[in-house]
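We have chain H; now place chain V onto it with these hints.
Letter by letter, the chains look like this.
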Amino acid sequence: KAGVTQTPRYLIKTRGQQVTLSCSPISGHRSVSWYQQTPGQGLQFLFEYFSETQRNKGNFPGRFSGRQFSNSRSEMNVSTLELGDSALYLCASSSNPGATEAFFGQGTRLTVV
Amino acid sequence: GESVGLHLPTLSVQEGDNSIINCAYSNSASDYFIWYKQESGKGPQFIIDIRSNMDKRQGQRVTVLLNKTVKHLSLQIAATQPGDSAVYFCAENRGADGLTFGKGTHLIIQP
Chain H
1 KAGVTQTPRY LIKTRGQQVT LSCSPISGHR SVSWYQQTPG QGLQFLFEYF
51 SETQRNKGNF PGRFSGRQFS NSRSEMNVST LELGDSALYL CASSSNPGAT
101 EAFFGQGTRL TVV
Chain V
114 GESVGLHLPT LSVQEGDNSI INCAYSNSAS DYFIWYKQES GKGPQFIIDI
164 RSNMDKRQGQ RVTVLLNKTV KHLSLQIAAT QPGDSAVYFC AENRGADGLT
214 FGKGTHLIIQ P
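Note that the protein sequences, when read in sequence, are chains H and V.
Sequential numbering of the first sequence, starting at 1, is according to the numbering used here.
Sequential numbering of the second sequence, starting at 114, is according to the numbering used here.
In case anyone wonders, no lab produced these hints; they're calculated from the structure.
Among the hints, erroneous ones may be present.
Said to hold, decoys possible - Each computed BS3-like pair below joins lysine-lysine, with the alpha-carbon atoms no more than 30 angstroms apart:
no., chain 1, residue 1, chain 2, residue 2
1, V, K216, V, K169
2, V, K181, V, K216
3, H, K57, V, K184
4, H, K13, V, K184
5, H, K13, V, K216
6, V, K181, V, K169
7, V, K181, H, K57
8, H, K57, V, K155
9, H, K57, H, K13
10, V, K184, V, K216
11, H, K13, V, K169
The following block holds chain H by itself, in its conformation from the complex (with noise of 0.2 angstroms):
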C-alpha cells in the first residue's frame, strides 16, 4: 500500500507569491491534516479534511487555506507568502477523524526569499 505522497518535496518562493501544495493520502484514507513544522515553533496544526470539509482549523491567518477533493487528495495554499512561512508543511492522513493513528507523508520544504 502506498503511503502519504506529498510534492513537491523542495520549494523556493519569493515574498509576496503564493504556493500550492498537493498531498495524496493512503488508498482508503478520507481524512487529511495538515502541519507547519519550524525550529522555532515545532509542529502545528494548520487544518483538517475529511470528505471534502474543513472540520477544524488551527491559528494561522486566513492567508493559510486548503481544500480536499472528492479522491480524498488534498491542496493547501499560502497566499501573499512571508518569510516566516518558510517551513516543512507535513500532510498526515487517517482513515476518519477519530482514528488514532496518522500517518505523515515526508513532507514539503518550502523556502520564502
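Positioned in the frame of chain H, the structure of chain V alone reads:
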C-alpha cells in the same frame, strides 16, 4: 496556556541501554496521547498511543506510561539501537484542535 511540553531537548544513551523520554502536558481533556519518531528528512512516524483511561501500554520494545495525577507521559525504549536515533515527539489529541505536539527530544545513541 494549554500546552504539551518536553523536559529535555537532547537525550544521549549508550547503545543497548534503555531510553526514557519524558513529556508533560497541561490539558486534562485530551482523549489520547501519541508518541512519534521523526528521522532526519522524513515525516513523523507513529510509534505508540495510549488512551486517557489507561496507565500503561506496551509495544515492540516500547512502553508508554501515563500518569494523569501529575500530567506526565513517558516513552521507554528497551535495548536502544542506532536506528532509534531520531527526534521524538509526544502529542495529544483533543479532537477539534487536531494533534498538539511537544517541541521534541533528540535521542542520540552512543556506540
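Verification of the supplied hints:
1. Distance restraint check for V:K216 and V:K169: the Cα-Cα separation of roughly 23 angstroms lies within the 30 angstroms cut-off, and the hinted pair is therefore satisfied.
2. For the hint linking V:K181 to V:K216, the alpha-carbon distance of about 20 angstroms falls within 30 angstroms, and the restraint holds.
3. Simply put, H:K57 and V:K184 have alpha-carbon atoms about 26 angstroms apart, close enough for the 30 angstroms limit, and the pair holds.
4. Our distance criterion of 30 angstroms between C-alpha atoms is broken by H:K13 and V:K184, whose separation comes to about 42 angstroms.
5. At roughly 27 angstroms between alpha-carbon atoms, H:K13 and V:K216 fall within 30 angstroms of each other, so this suggested pair holds.
6. Between V:K181 and V:K169, the direct Cα distance comes to roughly 11 angstroms. Compliance with the 30 angstroms bound is thereby established for this hinted pair.
7. Between V:K181 and H:K57, the direct Cα distance comes to roughly 27 angstroms. Compliance with the 30 angstroms bound is thereby established for this hinted pair.
8. This hinted pair checks out: H:K57 and V:K155 have alpha carbons roughly 24 angstroms apart, not beyond 30 angstroms.
9. At roughly 24 angstroms between alpha-carbon atoms, H:K57 and H:K13 fall within 30 angstroms of each other, so this suggested pair holds.
10. Our distance criterion of 30 angstroms between C-alpha atoms is met by V:K184 and V:K216, whose separation comes to about 17 angstroms.
11. Restraint check for H:K13 and V:K169: the C-alpha separation of about 46 angstroms exceeds 30 angstroms, so the hint is violated.
This entry does not satisfy hints 4, 11, going by the numbered hints stated previously.
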